Amino acid sequence: MSGAALGLEIVFVFFLALFLLHRYGDFKKQHRLVIIATLLAWYLCFLIVFILPLDVSTTIYNRCKLAVNSSPAESNGSYVTLAPSKQKCYKPWSYIPNGIMPIFWRVVYWTSQFLTWILLPFMQSYARSGGFSITGKIKTALIENAIYYGTYLLIFGAFLIYVAVNPNFNLQWNQLQTIGIAAANTWGLFLLVLLLGYGLVEIPRSHWNGAKRGYLLMKTYFKAAKLMTEKADAEENLEDIMEEVRKVSESIKYNHPLRKCVDTILKKCPTEYQERMGRNMDDYEDFDERQNNYPSEKSLVKLHKQVIYSVQRHRRTQVQWQILLEQAFYLEDVAKNETSATRQFVHTFHSQEPENKIIQYFYTPTIEWYWECLLRPWFYRVLAVVLATFSVIVVWSECTFFSTKPVLSLFAVFIQLAEKTYNYIYIEMACFLTIFFLSICVYSTVFRIRVFNYYYLASHHQTDAYSLLFSGMLFCRLTPPLCLNFLGLTHMDATISHKNTQPTAYTSIMGSMRVLSFVADGFYIYYPMLVVILCIATYFSLGTRCLNLLGFQQFMGDSEMTSDLIDEGKELIRREKRKRQRQEEGENRRREWKERYGNRDDSTRNRVVHTDQKESSFSETSTNRPLSKYTRSNGRTERDRIELLQDAEPLDFNADSINEDPLESDSGR
Numbered sequence: 001m002s003g004a005a006l007g008l009e010i011v012f013v014f015f016l017a018l019f020l021l022h023r024y025g026d027f028k029k030q031h032r033l034v035i036i037a038t039l040l041a042w043y044l045c046f047l048i049v050f051i052l053p054l055d056v057s058t059t060i061y062n063r064c065k066l067a068v069n070s071s072p073a074e075s076n077g078s079y080v081t082l083a084p085s086k087q088k089c090y091k092p093w094s095y096i097p098n099g100i101m102p103i104f105w106r107v108v109y110w111t112s113q114f115l116t117w118i119l120l121p122f123m124q125s126y127a128r129s130g131g132f133s134i135t136g137k138i139k140t141a142l143i144e145n146a147i148y149y150g151t152y153l154l155i156f157g158a159f160l161i162y163v164a165v166n167p168n169f170n171l172q173w174n175q176l177q178t179i180g181i182a183a184a185n186t187w188g189l190f191l192l193v194l195l196l197g198y199g200l201v202e203i204p205r206s207h208w209n210g211a212k213r214g215y216l217l218m219k220t221y222f223k224a225a226k227l228m229t230e231k232a233d234a235e236e237n238l239e240d241i242m243e244e245v246r247k248v249s250e251s252i253k254y255n256h257p258l259r260k261c262v263d264t265i266l267k268k269c270p271t272e273y274q275e276r277m278g279r280n281m282d283d284y285e286d287f288d289e290r291q292n293n294y295p296s297e298k299s300l301v302k303l304h305k306q307v308i309y310s311v312q313r314h315r316r317t318q319v320q321w322q323i324l325l326e327q328a329f330y331l332e333d334v335a336k337n338e339t340s341a342t343r344q345f346v347h348t349f350h351s352q353e354p355e356n357k358i359i360q361y362f363y364t365p366t367i368e369w370y371w372e373c374l375l376r377p378w379f380y381r382v383l384a385v386v387l388a389t390f391s392v393i394v395v396w397s398e399c400t401f402f403s404t405k406p407v408l409s410l411f412a413v414f415i416q417l418a419e420k421t422y423n424y425i426y427i428e429m430a431c432f433l434t435i436f437f438l439s440i441c442v443y444s445t446v447f448r449i450r451v452f453n454y455y456y457l458a459s460h461h462q463t464d465a466y467s468l469l470f471s472g473m474l475f476c477r478l479t480p481p482l483c484l485n486f487l488g489l490t491h492m493d494a495t496i497s498h499k500n501t502q503p504t505a506y507t508s509i510m511g512s513m514r515v516l517s518f519v520a521d522g523f524y525i526y527y528p529m530l531v532v533i534l535c536i537a538t539y540f541s542l543g544t545r546c547l548n549l550l551g552f553q554q555f556m557g558d559s560e561m562t563s564d565l566i567d568e569g570k571e572l573i574r575r576e577k578r579k580r581q582r583q584e585e586g587e588n589r590r591r592e593w594k595e596r597y598g599n600r601d602d603s604t605r606n607r608v609v610h611t612d613q614k615e616s617s618f619s620e621t622s623t624n625r626p627l628s629k630y631t632r633s634n635g636r637t638e639r640d641r642i643e644l645l646q647d648a649e650p651l652d653f654n655a656d657s658i659n660e661d662p663l664e665s666d667s668g669r
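Going letter by letter, the sequence shown gives residues 1 to 669 in the UniProt record's numbering.
Bear in mind the hints are in silico, worked out from the structure with no lab data behind them. No experiment lies behind these values; they were computed from the predicted model shown. By construction, the Cβ of each residue, glycine as well, lies at the ideal position given by its N, Cα and C atoms. Be a bit skeptical, because a hint or two may be false.
Unchecked claim - Cβ-Cβ distance ranges computed for the label pairs, FRET-style: (1) L194 to K268: 30 to 38 angstroms; (2) Y455 to T544: 15 to 23 angstroms; (3) Y455 to S559: 22 to 30 angstroms; (4) W593 to H22: 50 to 58 angstroms.
Using the sequences and the hints given, assemble the complete structure.
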């Protein structure tokens, strides 16, 4: 079992990262290099979180073994005796042999740093480029990243010159490596505290509000109003871009040197626009080289970039609108079924996707009613209380983890109590729950935040390549300082505990932070205390109020703008609901008509055709033609009558005059 736990977690984390990437990315349409790079970044970051508890338990066992095997004089020297000399050390079930973890952490850490600082920024520019060839995209990416890379090289070069000139500094390669790691972790810790302060409050509050059906429904109406505005803007933007593409396609003919570029742009357009442009295009006319109004290749590159962005945005808003409609209809169904006397959940619309027969067998309407109307609100409330308790413990430990005598960090107290009895299962579970909760608070914030249309992680395969790569960069920069912060909370970091004990394999590759004393003794210890201020600001929604004042509509219960958007969204959902009801009623009428009159019409048509054929065999050729024509016209008339009856649907003359009561609507019809 020495390496089985490590191997199982490596495989499990890979499939977890693959599942999440499949939910947000699109394997069929996005470039393979984008998928591979994002998957590698997510996989390495999740792997660090899952493997670190095994590193902690292995380190505790090694400390015990060294304390037992060392003499009293030696135990007061290089290592501190953690157990009596006669204490027997039990090997943990997940013990990892010596020499494996340092190599593993070194490969994982430096690969993630290469991704976040060099490869992923370059691939971002490459994926967003509108070039028509690989060489053109690489050239654009290098130009866009020249300032980015040049800034870091300038800072690093100035630092090296300062160290070389100053005789007081005698830095070696290991110390320079440690300074680089400290600089990267400092940048990551600065962003980590901001995201952690938001997640510690917002995650428990979102689960508590999830138990309020009225709150969720009002927020869904609010989202519908905002999404409709974004959807209309995306459609208008796409129409403008397609009009520009049409003009370019008509001006550049088939024998123009840039026609290949235009064809590449047309392939990125939606199918209906491609067909429309194909019908209106006349390729028989040669282009005139004397004309000077042809677009340049640079303008086509810009247009190609705009087409990719507008099509992706239009597709995303369309999918999100359908998902939001399903969510709104379901919440309205829950509100209606709460007062049901039969205690069976009734859906207004049937699911458009085929349901799993096994789930349908066990998850009956009665069980669904009890879960949605009774059990789920209480489950969310209990979960919110548990998460709020964890948040309070994290905030307290972040403010007191620097105190070693007495030990005030609750996570350090839990680990030290388990360390005395060498209960490795408890140690690993406590470490895993702690770092998993910290990761959820940080990573969920990364998935929630949205920077206009520049960065946005949208589920159901609607995230663009740029946002996927940007999320990989954030994960690789946030995970190392997150793990160091966790080791500091549990006092497994010698820099925090001030004990000359064996460090974990993860901290050993980071090097001694004593090279930069102001970072090790100052920034790493006191900056995390700002999480208290950020939690207070998040609790009172100060950021939301500031964005609302700046004109970015946010969901606030005491805002007049929020009430107006809720009313607008409610009307939009009602309109879409009536539209879907009319569609389902039309489909039901067509189905009933086919079942009732389909066979009769077929038999009548067959009798007419048989009679015509029999009469035509006794007539002359001159009289046969008009008879066959008359027969076809009769059949066409019959088919037209059936199609008109099948396509008949009620017209909504006045939306406000229609009553929502199904009984009254049936009597009206």
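Verification of the supplied hints:
1. L194 to K268: 30 to 38 angstroms: holds (37 angstroms)
2. Y455 to T544: 15 to 23 angstroms: holds (19 angstroms)
3. Y455 to S559: 22 to 30 angstroms: The hinted range 22 to 30 angstroms holds for Y455 and S559, with Cβ atoms some 26 angstroms apart.
4. W593 to H22: 50 to 58 angstroms: With Cβ atoms ~42 angstroms apart, the hint is violated.
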